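Taken in order, these protein sequences are the chains called A and B.
Here the first sequence is numbered in my numbering, starting from 1 and rising by one per residue.
Here the second sequence is numbered in my numbering, starting from 1 and rising by one per residue.
Just so you know, not all the hints are guaranteed correct.
Unchecked claim - Residues of chain B placed beyond 10 angstroms of chain A at every Cβ, according to the derived structure: (1) S15; (2) V26; (3) V38; (4) I47; (5) V49; (6) D57.
As the list claims (entries may be wrong) - Here are the simulated distance ranges between beta carbons: (7) B:Q37 <-> A:G42: 49 to 55 angstroms; (8) B:E58 <-> A:V243: 56 to 62 angstroms; (9) A:E242 <-> B:L61: 48 to 54 angstroms.
Just so you know, the hints here were simulated from the structure itself, not pulled from any lab data.
All figures in this text were calculated on a predicted structure; none of them were measured in a lab.
Think of the CB as a built atom: it goes at the ideal place given N, C-alpha and C, for glycine as much as any other residue.
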Amino acid sequence: MSEVIVITSGKGGVGKTTTSANLGCGLAVLGKRVALVDADIGLRNLDVVMGLENRIVYDLVDVVEGNCRLKQALIKDKRYDGLFLLPAAQTRDKDAVSPEQMQKLCENLKEEGFDFIIIDCPAGIEQGFKNAIAGADRAFVVTTPEVSAVRDADRIIGLLEANGLNNPMLILNRLRIDLVQRGEMMNIEDVTEILAIDILGVVPDDETIVIATNKGEPAVSNLESRAGQAYRNIVQRILGQEVPFMSLEEEPVSFFEKLKELFRH
Amino acid sequence: MDFFSFFKKKNTPASGSVARDRLKLVLVHDRVNCSSQVLEMLKTDIIKVISNYMEIDEEELDIQITQTQSEENNGTVPVLYANIPIKSMRKMQD
């Protein structure tokens, strides 16, 4: 039984690629066979986040156009068995691929015996988005708790449902717990109430993500990382286990810190 | 509410709830794909039609798109809300 999951958001820069990489690695750690597909043709990025940028020979467009076999284009991850990347083409544009071709590609990946095929969708609602969702069985919508990102997420949810991808699930990324506690950021309930979809996970804003991305090693394998823990929880939920949402309580702030804060106002 | 919040400025609401309320409003319009221009045109037309039958207070007229709980499922659905104060009925001739 294999499943094609598209990671989408509408707005750029909210963490689609980071989420794709972390979920892919997280599933592979647990022994699943995973194909990560970078559908952002022309703006290839999943390869650098995964640290596999030096291994690319063929890409998605080469496969679709028949310049190589699917197996030749799939790059094996250096850390985890069973994890493969199909990189996007860097020198072509979104029109190089059609939704029908993407559907066919997803079918072929299923036949290769992957348990999960994770598609990293480009930002926007144009051709690249339509391509990325064409072969998907389900969709995860990534957003941050900001008005622009949530508004775009709402639009994307509408478009997903119009295209038969019902019940997309939400990943709320880069939540600043300190800001939420001060009331200066929308909280989890605000966002889920507005978007009216089920939440799959909440990833706190975490510098370990920046560090992990710098190194090309997804944070999900870092046991110290809070964001990594959030991704591990999401992976468990994808596999059908019930995992409680991690406590998002901030470390208690010292009296002195509070005094300093007080004088800043 | 902790001890320190007592000293902070209280007159402005925290920006998180401002964001939430602004978003709710903007999404109501986004979802029904109705711009403020369209709403203004609709308002003009409604005044035109109703004025055939009754004299209304155009100043106090209030038309907006809001949300209400759907009866079928648990979600919300957009509704067109219009509050049109009547000054007097026109005499109908037939």
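Here is what the structure says about each hint:
1. Listed as a non-interface residue, S15 of chain B fails to keep its Cβ farther than 10 angstroms from every Cβ of chain A; the least gap is roughly 5 angstroms.
2. Against the 10 angstroms criterion, V26 of chain B falls within the reach of chain A, whose nearest CB is about 6 angstroms from its own CB.
3. Residue-level check passed: V38 of chain B sits 18 angstroms from the nearest beta carbon of chain A, beyond 10 angstroms.
4. Residue-level check passed: I47 of chain B sits 31 angstroms from the nearest beta carbon of chain A, beyond 10 angstroms.
5. For V49 of chain B, the shortest C-beta to C-beta distance to chain A comes to about 31 angstroms, beyond the 10 angstroms cut-off, and the non-interface label holds.
6. With a closest Cβ-Cβ approach of about 34 angstroms to chain A, D57 of chain B is found to remain outside the 10 angstroms limit, as its non-interface label requires.
7. The given range of 49 to 55 angstroms is broken by Q37 of chain B and G42 of chain A, whose C-beta atoms sit roughly 35 angstroms from each other.
8. Between E58 of chain B and V243 of chain A, the C-beta spacing of about 57 angstroms keeps the proposed range 56 to 62 angstroms intact.
9. Checked against the hint of 48 to 54 angstroms, the pair E242 of chain A and L61 of chain B passes, with Cβ atoms roughly 52 angstroms apart.
Of the hints listed earlier, those the structure fails to meet are numbers 1, 2 and 7, in rising order.
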